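Visitor: Sequence:
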Amino acid sequence: MAHQLVPPAATGAAPVDESVSVLDQFDEWLERTPVAAAVRCGAVTLTYAEVDRRACRLACELRDRGVGPERVVGVLMERSAELPVALLGVLRAGAAYLPVNPADPDDYLAASFGSAGVGVVVTDPGLAGRAAGLGPGLRGVTAGGDDPGPGQWIRPKATVRGDSLQYVIRTSGSTGRPKAIAMTHHPQVRLVEWSRMRYAERATALHYFPATSDVASLEIFMTWGTGGCLVVATDAERHDIAAVAGLVANHSITRALLPVAVLHQLAEHCAPDFSGIASLRELITTGERLTITPELRDMVTALGDGTVLDDHYGSSEVNVVVAPRLEQPAAAWPDQPLLGAPIVGARVYVLEPALTPAPRNVVGEIYIGGDPLARGYLGQGGVTAQSFVPDPFSATPGARMYRTGDLGRWRTGGRLEFMGRSDFQVKVRGYRVEPAEVERALAAHPQVDRAAVLLAGIGPDDRPALTAYVTRASAAPVDVDTVRAHASSVLPAHMVPEVFVVINAFPLLATGKVDRAELPRPNPAAPETVRSRTDTEAAIAEIWSTVLGRDVVGVRDNFFALGGHSLLVARVVYEIREVFDVDLPLVAVFEHPTVEGLAGTVEKLVAEDGR
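Residue numbering for the sequence shown follows the working numbering, starting at -8 and increasing by one per position.
No wet-lab data here; the hints were simulated from the structure. None of these values were measured; they are calculated from a predicted model. Don't take every hint at face value.
[Claimed, not checked] Here are the simulated lysine to any residue pairs, SDA-like style, with alpha carbons at most 20 Å apart: (1) 148 x 61; (2) 595 x 529; (3) 504 x 463; (4) 148 x 59; (5) 504 x 455; (6) 148 x 280; (7) 504 x 493; (8) 148 x 329; (9) 418 x 428; (10) 418 x 493; (11) 595 x 490; (12) 418 x 529; (13) 418 x 454; (14) 418 x 319; (15) 418 x 279; (16) 504 x 428; (17) 504 x 595; (18) 504 x 415; (19) 418 x 448; (20) 595 x 572; (21) 148 x 10; (22) 504 x 529; (23) 148 x 19; (24) 148 x 57; (25) 148 x 11; (26) 418 x 256; (27) 418 x 445; (28) 418 x 559; (29) 148 x 51; (30) 418 x 280; (31) 418 x 455; (32) 504 x 523; (33) 418 x 524; (34) 418 x 452; (35) 504 x 414; (36) 418 x 453.
Make the full structure from the sequences, and use the hints.
Guide: See the structure below:
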């Protein structure tokens, strides 16, 4: 029998009725606290009753458009108080939601909707025209509007159970084709039930993760399932750690779920005075392996004895399955904490290639069984069968287990240690990236023959950066900026390589595959520093200097060579829009990654506006 840390009954999780959905968990608090705040964003605050009325009105509109059980509804919206309301409205209609990021290229969004059979898209008024162009016959439904008021709405009659489809999330695919994860209500219901025992009721919780992440659904329904208030960080706030700290201070946020890198940034930004974020009591992190830095120890110590740090381990296919808790004193925490016991009916196995249990302290592949599993990948039966395999250790007929691709081992004391990946998959600021998908996009450019993508250390601190190695398709040189712009036009921003290295040929193994260990270390050359020559260049250089934390930025410096990445791109674009009052697209930074080039684009936009 494979080693299981703690039987499900020992976790304290009560059995959950298969008929229960996350709507039932929301409705419990709707009945108990109808006038309590459920969501805040900027100056907007909506109570549980107001959220429900708006969601029901949207659900009725969706039902009028033919939306019902097992249908997938696209959601194309900017971050606001209306976004989580829209997700609830889709569920009220009995359907499932597929959220997409408005910053992503249209081709990528169209492929997302097309692969899931989306016929109706919920959108903001300003995005309605764009939504209609993302596929033939797509119909848009505009979210938001005034509160319909008590008695002015009808709750649609839709049967939603634990086995009903809740959401579809697109994730990077190892075959070069994205995968659409189909998740039902039951795993999330179990997770919320576990959260009721784990976390404080009626917390004020930060909503940080993008709607395209499965973690966002956990943030929303864990908060509403425990009677709390969700504080939505706008895109501009998400990409500015000072703004994140300001949200905590201004709203007295008590619970924050953050990627590991952002948690580190928060600790570094607030040090040594943590009084502004003193309301925090429950810190949760996820997305990559947790490391404990001195600043993080100092932050948790300063926040007081009641503050805890939970490390959520799982994947989009299974949500959270392990969540070790670190309690005070933070000074005693190890630099790399081990994982802990399975939660909420999850079964965790460490198996050898023959699917036999790996002995204690022997590395094997981590498999997940039990309640947390998704249905699989929408419309990709073959890929589903490869990843969701029969569970030979379960007595339940038809039980499956998910092959994570993670390596681990059971340590003495019954704790799981994460040991990395068995394949090339990487995490980039909490996002899962399959290099094969990026390589396929790069190789489609006429200047590129072959591409290999991996995380490589750059700079004196060996910071990991998504790096693309490419060979020329002809005798003509590869224009890196052109290839980067191409990548940004077909891939989400977090999948666009930060560093490009042009090489003559790839080192090969005896099997003919690329020997990734022998690829040269990236060494981006620093251009000669040229000072700003115009007011536009000076303003943009100042923005870059602030965002990148550099004293001097030359007009020919490459944003990405200076340490810029997709999250910082969004912040730069926001700041430029504010300063120049122009609608600068996100792709502009990828197409013109120097101050000089970006200044020309901004000046052209200003001229077109007649200013």
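Visitor: Take the hints in turn and mark each one as holding or not.
Guide: Verification of the hints:
1. Simply put, residue 148 and residue 61 have alpha-carbon atoms about 15 Å apart, close enough for the 20 Å limit, and the pair holds.
2. This hinted pair checks out: residue 595 and residue 529 have alpha carbons roughly 16 Å apart, not beyond 20 Å.
3. As the CA atoms of residue 504 and residue 463 are separated by approximately 18 Å, the hinted pair is consistent with the 20 Å bound.
4. Under the criterion of a C-alpha separation no larger than 20 Å, the hint pairing residue 148 with residue 59 is consistent with the structure, at around 10 Å.
5. Using a Cα cut-off of 20 Å, the hinted pair residue 504 and residue 455 is violated, with the two alpha carbons roughly 23 Å apart.
6. For the proposed pair residue 148 and residue 280, the alpha carbon gap of about 43 Å is over 20 Å, so the pair is violated.
7. The straight-line distance between the Cα atoms of residue 504 and residue 493 is roughly 18 Å, inside the 20 Å bound, and the hint therefore holds.
8. Between residue 148 and residue 329 the alpha-carbon distance is near 46 Å, which puts this suggested pair outside the 20 Å criterion.
9. Taken as a hint, the residue 418 and residue 428 pair is honoured in the structure, with Cα atoms around 14 Å apart against an allowance of 20 Å.
10. For a cut-off of 20 Å, the pair hint linking residue 418 to residue 493 is broken: about 23 Å separates their Cα positions.
11. Only pairs whose Cα atoms come within 20 Å are accepted, and residue 595 paired with residue 490 is rejected, the gap being roughly 28 Å.
12. Straight-line distance between C-alpha atoms of residue 418 and residue 529 comes to about 35 Å, which puts the hinted pair past the 20 Å bound.
13. With a CA separation close to 13 Å, the supplied pair residue 418 and residue 454 stays within the 20 Å bound.
14. Straight-line distance between C-alpha atoms of residue 418 and residue 319 comes to about 29 Å, which puts the hinted pair past the 20 Å bound.
15. For a cut-off of 20 Å, the pair hint linking residue 418 to residue 279 stands: about 7 Å separates their Cα positions.
16. Of the pairs offered as hints, the one joining residue 504 and residue 428 holds, with about 17 Å between alpha carbons and a cut-off of 20 Å not exceeded.
17. For the hint linking residue 504 to residue 595, the alpha-carbon distance of about 46 Å lies beyond 20 Å, and the restraint is violated.
18. Taking the CA atoms of residue 504 and residue 415, the gap is near 13 Å; set against the 20 Å cutoff, the hint holds.
19. At most 20 Å may separate the alpha-carbon atoms for a hinted pair to count; residue 418 and residue 448 meet this at roughly 14 Å.
20. For the proposed pair residue 595 and residue 572, the alpha carbon gap of about 13 Å is at most 20 Å, so the pair holds.
21. Straight-line distance between C-alpha atoms of residue 148 and residue 10 comes to about 15 Å, which keeps the hinted pair within the 20 Å bound.
22. As the CA atoms of residue 504 and residue 529 are separated by approximately 47 Å, the hinted pair breaks the 20 Å bound.
23. A C-alpha spacing of about 18 Å is found between residue 148 and residue 19, which places the hinted pair at or below 20 Å, so the restraint holds.
24. A hinted pair counts as satisfied when its Cα atoms are at most 20 Å apart, and residue 148 with residue 57 qualifies at roughly 13 Å.
25. At most 20 Å may separate the alpha-carbon atoms for a hinted pair to count; residue 148 and residue 11 meet this at roughly 16 Å.
26. Annotation: proposed proximity of residue 418 to residue 256 holds, straight-line Cα distance about 17 Å (limit 20 Å).
27. For the suggested pair residue 418 and residue 445, the alpha carbons sit about 10 Å apart, so the restraint of at most 20 Å is met.
28. The straight-line distance between the Cα atoms of residue 418 and residue 559 is roughly 17 Å, inside the 20 Å bound, and the hint therefore holds.
29. Between the alpha carbons of residue 148 and residue 51 the distance comes to roughly 9 Å, so the proposed pair stays at or under 20 Å and holds.
30. For the given pair, residue 418 sits about 10 Å from residue 280 by alpha-carbon distance, which is consistent with the 20 Å threshold.
31. For the hint pairing residue 418 with residue 455, the CA-to-CA distance comes to about 10 Å; that is within 20 Å, so the pair holds.
32. At roughly 46 Å between alpha-carbon atoms, residue 504 and residue 523 are farther apart than 20 Å, so this suggested pair is violated.
33. Taking the CA atoms of residue 418 and residue 524, the gap is near 39 Å; set against the 20 Å cutoff, the hint is violated.
34. With a CA separation close to 19 Å, the supplied pair residue 418 and residue 452 stays within the 20 Å bound.
35. Straight-line distance between C-alpha atoms of residue 504 and residue 414 comes to about 14 Å, which keeps the hinted pair within the 20 Å bound.
36. With a C-alpha separation of about 16 Å, the suggested pair residue 418 and residue 453 falls inside the 20 Å cut-off, and the hint holds.
Taken one by one, the earlier hints fail for this structure at numbers 5, 6, 8, 10, 11, 12, 14, 17, 22, 32, 33, listed in ascending order.
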